[in-house]
Amino acid sequence: MAGHSKWANIQHRKGRQDEKRGAAFSKIAKEITVAAKMGGGDPGFNPRLRVAVDKAKGINMPKDKIDTAIKKGTGELEGVDYIEIRYEGYGIGGAAVMVDCLTDNRTRTVAEVRHAFSKHGGNMGTDGCVAFQFKHCGQMLFAPGTDEAALMDAAIEAGAEDVATNDDGSIEVITAPADFITVKDALEAAGFKPEFAEVTMKPEAETELAGDDAAKMQKLLDVLEGLDDVQEIYTTAVMDE
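The opening residue of the sequence shown carries number 1 in the numbering used here; numbering runs sequentially from there.
It is possible that part of the hints are untrue.
Mimicking BS3-like on lysine-lysine, the simulated pairs with C-alpha atoms at most 25 Å apart in a straight line are [unchecked claim]:
(1) K27 / K219
(2) K119 / K55
(3) K65 / K37
(4) K55 / K202
(5) K57 / K37
Pair ranges (Cβ atoms, derived) [as the list claims (entries may be wrong)]:
(6) A178 / P144: 38 to 44 Å
(7) E188 / N105: 37 to 43 Å
(8) T107 / A210: 22 to 28 Å
(9) G93 / A176: 26 to 32 Å
(10) G128 / G44: 15 to 21 Å
(11) G94 / A164: 23 to 29 Å
(12) G128 / A210: 28 to 34 Å
(13) I85 / A150: 39 to 45 Å
(14) T107 / G145: 26 to 32 Å
(15) A23 / N105: 40 to 46 Å
No lab work stands behind these hints: they were computed from the structure. Where is the CB? At the ideal position from N, CA and C, for every residue including glycine.
Could you build all of it, start to finish, from the sequences and the hints given here?
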């Protein structure tokens, strides 16, 4: 068994993302553009692009917006040259936070991220200060009630690294980042569609927060997420609902 209230936390996170769908379109478009620039415009031969396009489809991003973002990356349309930056720090209760950004202005981005940390009870740290608390991996979460034995057999056969059942009955499948698409496709072909699936930085341990601490931590995460240059936020914090 692993984790606690994993299902509720993931559903809560998805709900918050859906509420901010307009901003999400813009951020995913950036990721699609960068992925296409780095690995080409064909999702079939560019795993990073495939993940980004799948995420875009998951929030019903219009196809023309996806195509435009790809063409900006491949140079068929004029676009902005983004750089990737990761900032690390600490939130409420010492919870680790990593912030991945895509920006065309490093000076602006670091100032905004540092201000968000300092204003809302956190501290921005140095490179590597919390990265060791996370594992880079593919993560899929399946709903409580999924046939655990059958899913485990299919996942292991497809090349997954680990399968774990959480306390709430949800089942988590972990893969190497490079194997994520292959395993996800194999599981879907076998009839197992994940409710949540992404290449992520998974916390090795969790920092449980409740009450005022949870509210303050959520505020910090919301402010960081609201910054235009921020793409993804990873944290060890788990907030009680």
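Hints versus structure:
With a C-alpha separation of about 20 Å, the suggested pair K27 and K219 falls inside the 25 Å cut-off, and the hint holds. For the proposed pair K119 and K55, the alpha carbon gap of about 31 Å is over 25 Å, so the pair is violated. Straight-line distance between C-alpha atoms of K65 and K37 comes to about 16 Å, which keeps the hinted pair within the 25 Å bound. For a cut-off of 25 Å, the pair hint linking K55 to K202 stands: about 18 Å separates their Cα positions.
With a CA separation close to 20 Å, the supplied pair K57 and K37 stays within the 25 Å bound. About 29 Å separates the C-beta atoms of A178 and P144, a value inconsistent with the hinted range of 38 to 44 Å. For the pair E188 and N105, the supplied restraint of 37 to 43 Å holds, since their beta-carbon distance comes to about 39 Å. Our hint of 22 to 28 Å for T107 and A210 is violated, since their Cβ atoms are close to 37 Å apart.
Between G93 and A176 the CB atoms are about 31 Å apart, so this pair conforms to the stated range of 26 to 32 Å. Checked against the hint of 15 to 21 Å, the C-beta distance between G128 and G44 comes to roughly 35 Å, which is inconsistent with it. Distance hint for G94 and A164: a CB-CB separation of about 25 Å, consistent with the stated range 23 to 29 Å. Here the CB-CB span from G128 to A210 is close to 29 Å, well matched to the stated 28 to 34 Å.
A C-beta distance of roughly 42 Å is found between I85 and A150, which places it inside the suggested range of 39 to 45 Å. About 50 Å separates the C-beta atoms of T107 and G145, a value inconsistent with the hinted range of 26 to 32 Å. Distance hint check: the CB atoms of A23 and N105 are about 18 Å apart, inconsistent with the given range 40 to 46 Å.
When the structure is compared with the earlier hints, violations turn up for hints 2, 6, 8, 10, 14 and 15 and for no others.
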